[in-house]
Amino acid sequence: MAELPQMMRAFGVTFLSMFRKVTTEQYPEEKVPTQERFHGKHQLNRHPDGLEKCVGCELCAWACPADAIYVEGASNEEGDRFSPGERYGRVYQINYLRCIGCGLCIEACPTRALTMTNEYELADNSRTKLIYEKEDLLAPIQPGMVQPPHSMIDDFVAQDYYDGKVTGASAEQFAEVELIKQKNQGI
Amino acid sequence: MRILPNVELAAFGIDPWWVTLIKVVAVFVTLVLMTLLAIWGERRIVARMQMRVGPNRVGPGGSLIGLMDGVKLALKEDIIPFTVDRVVYILAPIISATTAFMTFAVIPFGPEVSFFGVITPLQLTDFPVSVLYVLAIASVGIYGIVLAGWSSGSTYALLGGLRSSAQMVSYEIAMGLSFVAVFLYAGSMSTSQIVAAQERTWYILLLLPSFLIYVISMVGETNRAPFDLPEAEGELVGGFHTEYSSLKFALFFLAEYINMVTVSALATTLFLGGWRAPFPISLIPGVNEGWIPLIWFFSKIAVFIFVFIWIRGTLPRFRYDQFMNLGWKILIPSSLAWISIVAITRGLRNSLDLPTGQTIALLGLPLIAVALAVFVADWRKANAEIQREEEVFVIKEINPFAGGHPVPPLPGQVLVEPTDVKQRILNG
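Those protein sequence lines, which keep their order, are chains Y and S. With the numbering used here, letter number 40 in the first sequence gets 40, and the count goes up by one each step, no holes. With the numbering used here, letter number 70 in the second sequence gets 70, and the count goes up by one each step, no holes.
Bear in mind the hints are in silico, worked out from the structure with no lab data behind them. Any given hint could turn out to be false.
Just a few of them, taken from the derived set where beta-carbon distance is under 7 Å, the chain S residues facing chain Y [claimed, not checked]:
1) Arg48
2) Met51
3) Arg57
4) Ile284
5) Val287
6) Asn288
7) Gly313
Just so you know, even glycine gets a beta-carbon here, dropped at the ideal spot from N, CA and C.
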């Protein structure tokens with residue numbers, strides 16, 4: 001009997017809740033931005049001149065607790081350079097059916113090549129489609145970048161890239177890529 | 001005792017066949033529509049109470065959700081498990097659904113109206129014991145549940161069916177007892193005459209305890225939250241309908257919602273003046289004539305359904321023993337006590353010919369005093385208990401490393417931070 005007033009108060013709570021603002025998000029129609037640090041789809045970043053940051057070290061794959069990442073490194077050759085330094089990631093796959101979004105790969109990456117975006121719409125209808133390849137993960141070419149393969153900026157060594165001394169692609173790099181393009185068209 | 005003349009009942013049973021047919025179809029369609037609306041209303045209102053939106057995709061405001069649910073259920077695979085008793089298994093949902101529909105035959109929707117020239121009451125039929133008929137049909141409805149549990153050939157379904165039927169049987173007693181006071185006052189068991197007897201005062205005002213007992217037992221009777229423990233979606237497999245799928249499950253679903261509408265309609269009829277307009281509106285002439293009373297009737301039902309939903313959104317589910325205690329140890333005894341009071345009052349009034357005011361003074365005031373005393377005593381006892389509990393709760397902190405082993409705190413104990421204890425041990 002003594003609980004009766006409290007019970008009546010409960011009825012008041014539910015009744016008043018009807019007039020409070022709902023917390024539901026109308027997802028497909030209204031997309032509410034995630035938190036800035038949300039762990040979404042991965043991205044393989046580029047240096048400001050377009051070279052890839054990934055050096056194919058596989059530390060991300062080793063860090064991954066769900067075994068979702070597969071990396072195959074390869075050597076950069078003169079005239080076939082994808083990243084500054086010796087090595088680059090030739091094959092880079094993330095299996096989003098395994099990925100748990102923990103972000104340990106991000107912490108493991110020594111060159112900040114791998115980061116996460118806020119992109120969370122990762123649903124698809126087959127298993128193969130959910131294994132993202134390197135070209136699905138690579139950051140797009142921004143203005144001022146040129147599409148690798150191309151050589152490093154003249155007189156720069158790999159360390160200069162890591163130190164952030166590169167601000168954009170040089171005129172020589174633009175010319176080199178243009179030359180390769182013309183050569184390919186000629187063939 | 002005042003005996004109402006049997007004039008009004010003469011209006012029943014003389015309809016031409018096509019009027020009866022129209023009424024039957026109308027009652028059927030109304031019930032199905034009410035079910036669809038109730039499903040939608042329930043989902044939306046409970047959602048709002050939980051600060052969600054609820055279904056809002058199909059139809060305006062999601063109002064076709066009930067229809068879509070029905071379509072979905074009908075299109076699902078109809079699984080009949082290998083071990084079932086086929087005949088009974090198929091019969092059970094049919095019994096449940098048909099009995100749910102049948103009750104509404106005696107519910108008065110309104111006064112006499114003209115059906116294409118035929119003057120007829122807005123009620124399928126009525127007879128001198130129609131409320132007893134309602135109780136009888138409700139009891140037959142329980143067979144649907146018992147048989148469903150029994151024929152499924154599964155332990156879960158059997159136990160669920162047993163519990164559901166035990167629940168409905170228990171609460172039917174309290175429900176039946178709460179009607180007795182109404183019968184005493186109306187002097188009739190016919191629904192149309194009970195409505196007629198409430199022309200001046202609704203029985204909710206005269207017989208409030210009966211009404212409260214009825215409202216509680218009607219929630220128990222319909223197997224709904226907080227009394228839905230035999231089905232307890234999140235906790236059990238699903239009670240008596242565990243082995244049912246597709247349309248057969250839909251029939252149980254339909255029956256549950258129709259029962260909800262039925263008990264609401266019965267409460268309206270017995271306690272809220274049936275189709276009569278509520279007080280300030282009833283002063284306007286003409287509101288209780290023709291088709292207008294349908295508005296009052298359906299709005300009263302809507303209020304009851306809202307209360308059903310509200311209760312579901314507010315109260316947590318009962319435990320089985322709590323539930324049975326409430327039914328057998330509180331509702332039935334208090335119902336019996338209340339009936340005795342009502343009977344004595346009526347008897348005194350009739351034999352001594354006392355005016356109402358004096359009867360109430362003679363009987364009511366001492367009773368109210370006793371009730372108040374009991375309530376206050378109970379309240380003080382409970383308060384004292386709470387205080388004692390609070391005293392217990394102030395009790396000292398405990399050493400979590402008693403006897404060298406880490407131990408969790410018992411109720412009424414507070415854990416000391418391990419670092420503090422270490423410090424204290426170090427300090428000696």
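Have a go at the S:Met51 hint: is there a Cβ in chain Y nearer than 7 Å to its own Cβ? holds, 5 Å
A closest beta-carbon separation below 7 Å is what the hint needs, so does S:Arg57 meet it against chain Y? The hint is violated - S:Arg57 has no Cβ within 7 Å of chain Y, the shortest such distance being about 10 Å.
Under the criterion of a CB-CB separation shorter than 7 Å, is S:Gly313 in contact with chain Y as hinted? Check passed: Cβ of S:Gly313 comes within 5 Å of chain Y, closer than 7 Å.
Does S:Asn288 meet its interface restraint, that is, does its C-beta lie within less than 7 Å of any C-beta in chain Y? violated, 31 Å
Under 7 Å is the threshold here; is the Cβ of S:Val287 close enough to any Cβ of chain Y for the hint to stand? Hint violated; S:Val287 Cβ to chain Y Cβ min 29 Å, cut 7 Å.
Would you settle whether the hint for S:Arg48 is holds or violated, based on the nearest Cβ-Cβ distance to chain Y being less than 7 Å? holds, 4 Å
A closest beta-carbon separation below 7 Å is what the hint needs, so does S:Ile284 meet it against chain Y? Not OK, violated: S:Ile284 not within 7 Å of chain Y, min 30 Å.
Going through the hint list in order, the structure does not satisfy hints 3, 4, 5, 6.
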